[in-house]
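Trainee: We have chain P; now place chains Y and L onto it with these hints.
Protein chains in written order, with my numbering: chain P, 1 to 414; chain Y, 1001 to 1414; chain L, 2001 to 2414.
Keep in mind the hints are simulated off the structure, nothing from the lab. Keep in mind it's a predicted model, so treat the numbers as computed, not measured. It is possible that part of the hints are untrue.
[As the list claims (entries may be wrong)] Listed below are the simulated SDA-like cross-link pairs for lysine to any residue, each with C-alpha atoms no more than 20 Å apart in a straight line:
#1 K177/P / K372/P
#2 K1380/Y / V102/P
#3 K372/P / P2104/L
#4 K2372/L / P1104/Y
#5 K1204/Y / L121/P
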Amino acid sequence: MSILAHDCSQSWRPGYSLPRSDYVDSDAFGKDVRLLGEGLWLLIDHESRIPNAGDFFTVEIGSENIILIRDKDGNIHALYNVCRHRGSRICLKEEGSARGLVCPYHGWTYDLDGRLRGAALMPSDFDKSENGLIPCHLRIEDGLLFVNTSRGTPPSFEEFILPFRPFLAIHGLKETKVAARRLYPTQANWKLLVENFFECYHCKSAHPAYCKVHDPRKLLAFGAGPGSGDDALTAAYMPIFQKWEAERRADGTFIEMFADDADSLHFRSAGRMPIGDGALTESLDGQPVAPLIGNARAADAYDGDQSGMVFNPVSTLLVQSDHAVIFKFVPTSPLTSTSEAIWLVHKDAEEGRDFDPERLIALWDVTLAEDKTITENNQKGVLSAVYSPGRFSTQEARISDFGIWYRKRREALV
Amino acid sequence: MSILAHDCSQSWRPGYSLPRSDYVDSDAFGKDVRLLGEGLWLLIDHESRIPNAGDFFTVEIGSENIILIRDKDGNIHALYNVCRHRGSRICLKEEGSARGLVCPYHGWTYDLDGRLRGAALMPSDFDKSENGLIPCHLRIEDGLLFVNTSRGTPPSFEEFILPFRPFLAIHGLKETKVAARRLYPTQANWKLLVENFFECYHCKSAHPAYCKVHDPRKLLAFGAGPGSGDDALTAAYMPIFQKWEAERRADGTFIEMFADDADSLHFRSAGRMPIGDGALTESLDGQPVAPLIGNARAADAYDGDQSGMVFNPVSTLLVQSDHAVIFKFVPTSPLTSTSEAIWLVHKDAEEGRDFDPERLIALWDVTLAEDKTITENNQKGVLSAVYSPGRFSTQEARISDFGIWYRKRREALV
Amino acid sequence: MSILAHDCSQSWRPGYSLPRSDYVDSDAFGKDVRLLGEGLWLLIDHESRIPNAGDFFTVEIGSENIILIRDKDGNIHALYNVCRHRGSRICLKEEGSARGLVCPYHGWTYDLDGRLRGAALMPSDFDKSENGLIPCHLRIEDGLLFVNTSRGTPPSFEEFILPFRPFLAIHGLKETKVAARRLYPTQANWKLLVENFFECYHCKSAHPAYCKVHDPRKLLAFGAGPGSGDDALTAAYMPIFQKWEAERRADGTFIEMFADDADSLHFRSAGRMPIGDGALTESLDGQPVAPLIGNARAADAYDGDQSGMVFNPVSTLLVQSDHAVIFKFVPTSPLTSTSEAIWLVHKDAEEGRDFDPERLIALWDVTLAEDKTITENNQKGVLSAVYSPGRFSTQEARISDFGIWYRKRREALV
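Extracted from the complex, chain P is given alone in its bound form (with noise of 0.2 Å):
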């Protein structure tokens, strides 16, 4: 509801934050739904959540519903919970293991990887090889399940994922399992939740837990990843960063930083670096949480860094030494999305023994919560009819760029 006949105030320029129709409007949310998951490789899950054929768990992608199941092979398959007869769900929980997939509606049954094996009383001239579930395009890399629910052919994975893999090398996620989740429902449009994981200018007021384990000079200079910070923001850090790059090269441990800008398709970035004076993971108390995973090091170690995987402006991995979390964005309404946090431990790691769930998932539990309330009130002041597009810091570069991805993105639907 706009309380001006006329809203002049509501153009759009780079170094701005985005118009209010952006943030609100049905439309607009239409068309994201469809960026994200036609354009993007979305990052749902690890795959050690349904280790045995016939496992399965439902996901929501926008509007829609998806099984990821294993078959009797060992693959996995994504697949429309949609009963190709009259539109039943098939799969009611949100996850299970099951011998087939039946339709609770009339029995319609459908074998792991989605073909339709049985369907009575059809008539003589239904062809069963016709009528399987549909399946979403999906790639499994290092235990992460990507989707694209692109209906035709979606953008190369082979291309998007290629930066990511020396990152992933060192981290051993195929020897990692799901160790605890945690669901964030806010009432905000999904790119607050992008924009306010896209620079760490609020840090300081809003997320205190986060800032103690973190060193301060760096949240300055690199608190959005690679290329947050400008010249004189970046100084004060350079020597310690430097004085870090220098002994993890003199070890052979691997270091890089990379940002697409804002022509790519993906929008990805990652980068190496150290968390903070003493601390030795990214907890509350800066000690670890949980045995060690992967190798990054040569000497296996509690070694205080941390590699960041910006997949897409939805889908981001952080890994540590001793455990990663996925985070998720996911559109629901124009006004509401849901983030979703999921911990990685070693697979051997187990529970009370090895690691404390409670203090695995404090620090971003917290922070997490703190976002939700950030962004929510964010959406209440972009909703009012005096709100205009607003001029952002020098740590808010990456945002920036994130707007004129979003924009020129949206304008290549077809």
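Mentor: Chains Y and L alone, transformed into the frame defined by chain P:
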């Protein structure tokens, strides 16, 4: 929300379920409410609910609230629950008894037949005779209340009811009373409820209790009433049916079956059939649940026979030798409906002594609760962008016709 | 949802209630929010709510959230609760006290008058003086806070307030304070709340407590304030009123009545009148509920007189010798509104010792709760397709004018 730019999978063909928009869109729903309310005679209740002068109840039809009230001469009136002054609801209770209808806002009083009796301080040229409550078309047949919300001439009631009279004649419903009622609010479009009711293809998967009391061969042949199965399905049951038919004819019992085709106005059907081996009535264990009603057979008996009367797609009546059940499907929004069941027993039957309401309702209560779950899952899947109209089985011929009928009736709206 | 194809019953005529669309549609609502906020001076509260520097409260106006805050010089400012950076809400509490306004997101700080004081790490060409909080027009009269949300020039406050000044002059509202407030969230369009407040035709049916304390002949003649009844209704009360008038004139007490017509900008009215035989103030039993305020009469006394001031259709003030009540009607969506009542007593009155809040609010609390029920039933009926604008009684002349005023103001929107 569609994730597809151009949704070419949503065209409709006979023999397939309807396109998504028919189950989802507000426009379709607006037409549906008119199509049902103005085009049909809706069965809404039994007159035993309001036995005495001044007794009333209110009922929701589409977006309307209608008062059913008995006047001093014993006549029942259907009146829109809208004061002619400034539009306030008049009856605020779902049922009760009153000496007149008094608007709670400004005290305008109406007679039990809706005529405006008193309105204080109105201008001298105000004509009370032109300001009675707006009536709704009402017809009563054997105690069954039928309404039509057309503002003009409704379809002929005589032509509509004629083929049901021989069925009604043998069941004495005038001499029954309401013994129980249950509501099943359902997150699904009303057509999914109707389609579910028009086939028994799902009974085997979804309704174990229902299948236990009915002959499985009958469910295959006639599960959705007259004409629902093809020759092959009917063949196995025919010998049994014909034996029963011969017995009934021999002792002079009324037997018949008919089904309107897809070109008809009301899409009616009716038939008489045995329930199944050994079942004396349609109850959980097949045993009687109330005293006998009507006189279907020369020798009064719990005979295991059942009359089914589909007055239109949203108004059905099932009658056995000891009780009857009215089924109503009430659209409340594009994605929500309420189904209601009303159980009738002999007017002299006393609760506790002659019947146990829990036993009376048990079979359909569990079955309708299952139908609620089924249709809600169906709606969820139909909302998916990958849903496309699905092929019907040979046991779903009646739904196929329903789709054709529905499309024709919607096109016929002016 | 209309069940009628062509709804010819919905044209509007003076002397009749408004057509359904005015009470229901989103388009009408969007215009209404502008018509009220931009066209009127809305009475929102009393300045005693924020006595000290830094005290603030927030208020909803249409879809906007406004901060009312007192600065160090004692001046009060009305500021949109929207940070100029990325739009976050700043004040998250409904009321409180602060040394400055600090955005919880990125820590931007504003002075108590809305000027931007601090914004870290902004580009060098960023101009703080252009990024203060957006102000809302505010005027204060005898402690009463009036706001206007126009982005341009608001209507003249001086012309607006002038005719109320003689009334306000005798009541000393500057020397009062807020003693209680209550909200009545109502499922009805705001115009139904206004119409309900603009007639006393419903008092007899709906407000037994209110009728007990007021002279019934007065309610007939002037129940909705000056000009609400015709000659016949006024005749019976005139001798009583004129006797009271003569007494008040004799001792020099201020007496007056006026009512804007339907062509006016603000649709104001005001008048002074006795409550009823024996009632000393407007309370459940007519007995005083607080210490005296103002000096309406030369001899301070619980005099049974009442001043009514309708500043506009959604802002009303009633004042007796011992307390005042502010009435606000706040539109929140096409089908929902909130009415709020704020009770004022002498600033030195002490709760518990000098007044009992429950006794103070009792009469209007019960009456407004009744009005909530009434208007919700009215809305339900107005949603019916058979609703058509109804004829007004001779006691509803003020609503009739309100309808004309409303239609003119809506057409006048650019």
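Trainee: Evaluate each hint against the coordinates.
Mentor: Here is how each hint holds up against the structure:
1. K177/P / K372/P: Between K177/P and K372/P the Cα gap is close to 26 Å, so the pair fails against 20 Å, i.e. violated.
2. K1380/Y / V102/P: 16 Å, holds
3. K372/P / P2104/L: 13 Å, holds
4. K2372/L / P1104/Y: 13 Å, holds
5. K1204/Y / L121/P: Roughly 13 Å separates the two Cα atoms, so the pair holds.
Consistency with the previously given hints fails for number 1 only.
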